[in-house]
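Trainee: In case you want the letters, here they are:
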Amino acid sequence: MNKEVPLLHRNTAFSVVLKIFAGSVHSILPVVDEKGRLMGLVSLKDVLPNLFLSREEVGLLEKLPFFADFFTDSVETMQGLKNLLIVADIMQEVVFTITEEDSLIKAIVLMKERDAHQLIVIDKENRPVGLVNYNDICRSLF
Amino acid sequence: MVKPEIIALSVFLISYILIGLERIPRLYTAIFGALLLIFFRVFSFEEAARYIDLETIGFLFGIFLLVKVLAESGFFNYLALKVGQRLNYNPLKILIVFPMLAWVLSSFMGSITVLVFMSALTYALSKILKFDPIPVIVGEVCLANIGGAGTLMGDPPNIILGARFNLGFTQFLAHNGPISFLASLSALLVIYLMNRKKFARCNDTLKKEELKKLSPEAAITDKPLLKIGLWGLGATVFLLVGRDLFHKFLPMELALTSLLPAFAVLTLRGRHPRLKDIIYKIDLETILFFAGLFVVVGSLEKTGLIQRAGQSLFNLAQRPYGLISLIFWGGASSSAFIDNVPMAMSFGYLIQSLHTLSNFNIRMLVWTASLGLDIGGNLTPIGASAGIVAYSFLRKEGVRINWYVWFLYSFLPTMAALIVCYLLLLLKYKIAFY
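Protein chains in written order, with numbering that gives the first Met the number 0: chain A, 0 to 141; chain B, 0 to 433.
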């Protein structure tokens, strides 16, 4: 488990979020309330396509990937939005978590079932204490 | 004790209203309605099951499978890109040719899948080439429904009526095909005249040159799957034609013509990664919806309500031309607001009743009803499944469209098509070609 986890708040600017992702190895970041309790997460996998394109365009290009190169106009428009968005605009409220006491097997099964690359580890008071991914699990075997 | 005909009529009307409102998935409404009829003893389970036309459901199931195989292979996107390339991605030519492509495809594959792909691709092209997608997509819906009216397999109402009255592919093609073609030309002419100035101004040469470099083959995700899908669909058409021409030597139920090729494809290539789970990806909701609806509509026939409606219609119309007019325009205007599938089922029973009362030729009534029901659905976004698909897609993409805008673009082309159909139907009757 990686205990060095940057925490986000609802009002954190999207541009700050991008800088944090750029400087870390994490693909998700927890969002906490004023008391430090987990209330959601921001996932790079979900956020990155929407940085360049609108949600509708992402959906359209999923069906028609061969048109991707023709949507460069939209990229310039959306780049400006990164200074206007905050975490509350982009966070997910459904979060899959495990506790420090849960086994590695449970973590693996949960990540596989949810198609997630990382899970947030929480304590008894629902506060994030770390992140775990497949590499961490692999490291724990040696 | 409440009379069975009152229960049947109540369940029928409430189901229709709920299906029309689209707040609840129509499948649940239809199945629940069917179960209520059994609960209130309008009929037993066995009787209800007899009203489910397995020929229609089987045929649809097979067609859905084959079309899904083609869809998974990227066939529709490939075809549209190929056509677009030939048109040099000229928006004015796209306005005319893409609806015509929808007309051709819907004649053999059903309009719903065709519109799922064509509306997405047309919309993407409209964003790249900067033209208004609404006239093109509404045009595609209109022409898809007109095209679907021309063959047995094109639109669900035709499948329902064809199965009920044992009318085959070649018969629909011979009688409805030419009318559908001429009606489509009239609709296209109106679409062109309405929109030519606006589309002639769209001319992003730079983007067109870039698009021309895009190879249509880039849209194909699985070539072997495409080949086998085309073989399967070709086999279906072959069996449909063979069934009509050689029915004395090779009697074959309608459902087998699509189920045999579909399951032959799946059995021979079932280990293909994209085919393993394909059966879960087809539109089973529509199949189950049909099953429930057959029972709900069948209750009207069981309780004698259809026969009474037929008598009233016969009294109202009296003469043949009056009957043709009533069936055609009644079917067209009702299918604008009510899903044409339940209308086709109701009309099936009505036609049988009218034939009994008036000795009027059944086939003439079937051609009349099928054309009216298929094409009338263009007038509103909910009149036909193709329209529902396209309208929902445009709304989801944030396009500014509502019922009024839809009507603006669909009314004149649809009326042109309906008038052409009506005049040709009268001519058909006059020359006794039915």
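Keep in mind that a hint or two might mislead.
Here are some chain A residues pointing at chain B (derived, C-beta under 7 Å) [unchecked claim]:
(1) LEU52
(2) LEU59
(3) LYS62
(4) PHE65
(5) PHE66
(6) PHE69
(7) GLU92
Far from chain B by the CB rule (all over 12 Å, computed), these chain A residues [said to hold, decoys possible]:
(8) LEU6
(9) SER14
(10) SER53
(11) ALA115
These are computed hints drawn from the structure, not numbers from a lab. Here a beta-carbon is modelled for each residue, glycine too, at the ideal position from N, C-alpha and C.
Trainee: Does LYS62/A pass the interface check with chain B, least Cβ-Cβ distance below 7 Å?
Mentor: Holds - the Cβ of LYS62/A comes within 7 Å of chain B, reaching about 5 Å at its closest.
Trainee: With a cut-off of 7 Å, does the beta carbon of PHE69/A approach a beta carbon of chain B closely enough for the hint to hold?
Mentor: Constraint on PHE69/A satisfied, holds at 5 Å.
Trainee: Any Cβ of chain B at or closer than 12 Å to SER53/A, or is the non-interface label fine?
Mentor: Incorrect as stated: the minimum Cβ-Cβ distance to chain B is 8 Å, not above 12 Å.
Trainee: Please check whether GLU92/A passes as an interface residue: C-beta within 7 Å of a C-beta belonging to chain B.
Mentor: violated (22 Å)
Trainee: Is the shortest C-beta separation between LEU52/A and chain B less than 7 Å?
Mentor: violated (11 Å)
Trainee: Does LEU59/A meet its interface restraint, that is, does its C-beta lie within less than 7 Å of any C-beta in chain B?
Mentor: This interface hint holds because 6 Å falls under the 7 Å limit.
Trainee: Measuring from the C-beta of PHE65/A to each C-beta in chain B, is the shortest one below 7 Å?
Mentor: With a closest approach of 4 Å, the PHE65/A hint holds.
Trainee: Grab the minimum C-beta distance from PHE66/A to chain B and call the hint holds if it beats 7 Å, violated otherwise.
Mentor: Where the cut-off is 7 Å and the nearest Cβ of chain B is about 5 Å from PHE66/A, the hint holds.
Trainee: Is the Cβ of ALA115/A more than 12 Å away from each Cβ in chain B?
Mentor: Non-interface label on ALA115/A holds, nearest chain B Cβ at 22 Å vs cutoff 12 Å.
Trainee: Evaluate the condition: distance from the CB of LEU6/A to the nearest CB of chain B exceeds 12 Å.
Mentor: holds (34 Å)
Trainee: Taking C-beta pairs only, is SER14/A more than 12 Å away from all of chain B?
Mentor: Fine: 25 Å to the nearest Cβ keeps SER14/A off the interface.
Taken one by one, the earlier hints fail for this structure at numbers 1, 7 and 10, listed in ascending order.
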